[in-house]
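Asker: Here the structure of chain P is known, so what remains is to put chain Y in place on it, guided by the hints.
Going down the list, the protein sequences come from chains P and Y.
For the first sequence, the positions run 199 to 472 when the numbering used here is used.
For the second sequence, the positions run 2 to 434 when the numbering used here is used.
Because the hints were derived from the structure by calculation, they are not lab data.
Each hint should be verified, as a subset may be incorrect.
To be verified - Under the rule of at most 30 Å between Cα atoms (straight-line distance), these lysine-lysine pairs were calculated in the DSSO-like manner: (1) Y/K108 with Y/K138; (2) Y/K156 with Y/K214; (3) Y/K265 with P/K359; (4) Y/K265 with P/K289; (5) P/K291 with Y/K138; (6) Y/K92 with P/K234; (7) Y/K321 with Y/K92; (8) Y/K188 with Y/K214; (9) P/K291 with P/K369; (10) Y/K205 with Y/K224; (11) P/K369 with Y/K326; (12) P/K369 with Y/K321; (13) Y/K108 with P/K433; (14) Y/K319 with P/K291; (15) P/K234 with P/K289.
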Amino acid sequence: MKLIIDSINFLLPVLYFVTVWAYAKAFFSDSPSAKKTKTPLFLSVVGIHFFYLLARTLFLDHPPITDIYEIMTVMSFSIAATYLVIEFRTKVKGTGYFILNLAFLFQLLSTLFIHDVEEVKPVLRSYLLGLHVSSALLGYAAIAISAVYGFLYLMLYHHIKSSRFGVIYTKLPNLEMLERMSMVAITFGFVFLTIAIAVGFVWLPRAFTNFSYADPKLIGTIGIWALYGGGLGAKKTIGLQGRKIMILSIVGFVISFFSLTVVNIYFSGFHNFH
Amino acid sequence: MNLVAVGINHRTAPLEVREKVWYSDDEIRHAVAELKNNLFSECFLISTCNRTELYGVPNNGSPIAEDYALADQLKDFLISFKSASAFVERKHFYHFFSVGTVQHLFKVASGIDSMVIGDIQILSQIKDGYTIAVEAKTTNTFTHRLVQAAYHVGKRTRTETRITEGAVSVSYAAVELANKIFSDLGKRSALLIGAGETGELTAKHLVGRGIGKLLVTNRTRSKAEELVASLGGEAVNFERLTQHLLHADIIISSVAAPQHILTKNDIGRAMKERAHRPLFIIDIGVPRNIEPSVNNVENVFLHDMDALSGIVDQNLQKRKAEIPKVNAIIFEELTEFHNWHESLQVNPTIADLRDYFEAIRQEEVVKNINRFSPENRELLELVTKRIVNKLLHAPTTNLKNGSGESFEEKHTKLHIVRTLFGLSKEARHEEKE
Chain P
199 MKLIIDSINF
209 LLPVLYFVTV
219 WAYAKAFFSD
229 SPSAKKTKTP
239 LFLSVVGIHF
249 FYLLARTLFL
259 DHPPITDIYE
269 IMTVMSFSIA
279 ATYLVIEFRT
289 KVKGTGYFIL
299 NLAFLFQLLS
309 TLFIHDVEEV
319 KPVLRSYLLG
329 LHVSSALLGY
339 AAIAISAVYG
349 FLYLMLYHHI
359 KSSRFGVIYT
369 KLPNLEMLER
379 MSMVAITFGF
389 VFLTIAIAVG
399 FVWLPRAFTN
409 FSYADPKLIG
419 TIGIWALYGG
429 GLGAKKTIGL
439 QGRKIMILSI
449 VGFVISFFSL
459 TVVNIYFSGF
469 HNFH
Chain Y
2 MNLVAVGINH
12 RTAPLEVREK
22 VWYSDDEIRH
32 AVAELKNNLF
42 SECFLISTCN
52 RTELYGVPNN
62 GSPIAEDYAL
72 ADQLKDFLIS
82 FKSASAFVER
92 KHFYHFFSVG
102 TVQHLFKVAS
112 GIDSMVIGDI
122 QILSQIKDGY
132 TIAVEAKTTN
142 TFTHRLVQAA
152 YHVGKRTRTE
162 TRITEGAVSV
172 SYAAVELANK
182 IFSDLGKRSA
192 LLIGAGETGE
202 LTAKHLVGRG
212 IGKLLVTNRT
222 RSKAEELVAS
232 LGGEAVNFER
242 LTQHLLHADI
252 IISSVAAPQH
262 ILTKNDIGRA
272 MKERAHRPLF
282 IIDIGVPRNI
292 EPSVNNVENV
302 FLHDMDALSG
312 IVDQNLQKRK
322 AEIPKVNAII
332 FEELTEFHNW
342 HESLQVNPTI
352 ADLRDYFEAI
362 RQEEVVKNIN
372 RFSPENRELL
382 ELVTKRIVNK
392 LLHAPTTNLK
402 NGSGESFEEK
412 HTKLHIVRTL
422 FGLSKEARHE
432 EKE
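Pulled out of the complex, with its shape left as it was, chain P reads as follows (with noise of 0.2 Å):
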């Protein structure tokens, strides 16, 4: 099983890779069988890498959010996989170059520097922290997903403004479906984070005794939660839409990206667990 889940580690980035070549061809030189094998083959990655955690889970019994390099391959899965989702919610097949470069990088992180932790804290066995840490991911992986669609909005945005008709014009999907896209991919954030914040609240309490409501962490994932979805409620009630909503899009982006690396490393509580 060690020997599998070692083969599958260092596969998995030159997968990514294939793919995301794949995607790019596809999009830059519309190649037909690039065209045709690059969803399937996305499908098997996603697929293969799904496998890979599951079996690094119950191999090494523990999920894999151990240290910051198991964290980066759940990252990477979760990038991969809600981009699954929006490519078939959406049936435009034409951005995932854009999305899936971030997914490899994460798994080529995570394959180099990998290692099995022999000490594990017994806090860090348990499946509700899994579900946690993943709805947490997953949420931060929407999130910079919808990024994404939204700088890619501001592009064709500024293109078709400036009568720039080159390849941007010509593959993107039309403005209104990136703006979709990247609102469903908010909507999928805002979903998970507020499973990993429900979960949360029932688990850590119940697992660490020097629990805090003060803790930065707790602080910063629930504001990001809020922004999101003040927006959300904003876009509903007073019609939001168009540039200023993607602008807002890749704002808070930037700000959960920097409150959440500015928390894991200047500020210190129960919510560390590595």
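Answerer: Frame of chain P, contents of chain Y only:
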């Protein structure tokens, strides 16, 4: 290849000349029937607004000769049939012979010979012309195979190259642009201001693409109502133009007005009221109808004639860049058609050659059979047959294996063999007599 074509198109004659030799379906039917009776064993005629072309297999044509007299006769026929001699001359026509004819038809079917490169209508127009000829019973195996091959070229061109991609008219470019902003035109509404030709055409294309609602407005209300009668939609008051901005997602403005009919302030106010829903404005008025700074308003996309022409030019360049790929397809299909035609030609020649030698052998055996003893007569049959087979082995093999030879070389070879041994139909006929 015994095939000839004469034609007139946008490159050889202006519209006022081309329209004089435009053939209706009925005229095509009568013309091909008359030609079949007098000059052709098979023929068909294509007539569109950009070209009239006649293709035929001459009754008594030589396989190689370029029969300019016949071509002139056909040009005169096409002119006189339409009583157009006062307007159309032979010099307005072009002609093709043999394999050149096939190549030309393939170019036409691929769309690279069209006025607008990649025009997809031409294939159905070839089909229409050929169907009339089939109904008039002026076609047969050769023309059937030729037209099938042309369809194949057309289909391959469309699926294997990008020659038909991208809008190549200003009105289509506007619709293409609308499709880059909105994902479902069925949920959007358009407002047509004025009655310019391009504006009307753009509205027509939007209706064709299933636009949810079309509003039409004009300073003269009756003109708006006239347009609504032909395009559908709803005629609305010109005086309440700024109010209509709240309901339309696409505005096509084509008004002859000395100053701007919509300013940045008008659009800015409207955008606030419409909660900044994206607005696409196509200004095809000259001078421009919409204040250019409107494009600075958020979620407003303003494009004028120059921007749309830019899309058209770019798409035309892209289509032109596909021509080498199309030519490669034409070459492949030409080779395929040539091989098919070749098989028709080589096998009968070999059969005729064998018949000719066999006839001589039998004649000599019958003449001399009595000089041989009964026990040697069977041997005589065997030996003479063997001699004939050995004599014919090399010519047969060389006729069949012609790879590397050009089309003309192969036909010259067949022509020489048939002439040397008197294998032409006429020669065989005279010999029998």
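Asker: With reference to the structure, classify each hint as holding or not holding.
Answerer: Do the hints match the structure? See the list:
1. With a C-alpha separation of about 26 Å, the suggested pairing of Y/K108 with Y/K138 holds against the 30 Å cut-off.
2. Distance check on the hinted pair: Y/K156 and Y/K214 sit about 35 Å apart at the alpha-carbon level, beyond 30 Å; violated.
3. Our distance criterion of 30 Å between C-alpha atoms is met by Y/K265 and P/K359, whose separation comes to about 15 Å.
4. For the hint pairing Y/K265 with P/K289, the CA-to-CA distance comes to about 37 Å; that exceeds 30 Å, so the pair is violated.
5. Of the supplied pair hints, the one linking P/K291 and Y/K138 is violated, its CA atoms being roughly 50 Å apart against a limit of 30 Å.
6. A distance of roughly 51 Å separates the Cα atoms of Y/K92 and P/K234; the hinted pair therefore is violated under the 30 Å criterion.
7. Taking the CA atoms of Y/K321 and Y/K92, the gap is near 28 Å; set against the 30 Å cutoff, the hint holds.
8. With a C-alpha separation of about 8 Å, the suggested pair Y/K188 and Y/K214 falls inside the 30 Å cut-off, and the hint holds.
9. Only pairs whose Cα atoms come within 30 Å are accepted, and P/K291 paired with P/K369 is accepted, the gap being roughly 11 Å.
10. Restraint check for Y/K205 and Y/K224: satisfied, since their Cα atoms lie roughly 16 Å apart, inside the 30 Å limit.
11. Distance restraint check for P/K369 and Y/K326: the Cα-Cα separation of roughly 21 Å lies within the 30 Å cut-off, and the hinted pair is therefore satisfied.
12. Distance restraint check for P/K369 and Y/K321: the Cα-Cα separation of roughly 19 Å lies within the 30 Å cut-off, and the hinted pair is therefore satisfied.
13. In summary, the hint linking Y/K108 to P/K433 is not supported, as the alpha carbons are separated by about 54 Å, beyond the 30 Å threshold.
14. Restraint check: the Cα-Cα separation between Y/K319 and P/K291 comes to about 23 Å, which is no more than 30 Å; the hinted pair holds.
15. Only pairs whose Cα atoms come within 30 Å are accepted, and P/K234 paired with P/K289 is accepted, the gap being roughly 14 Å.
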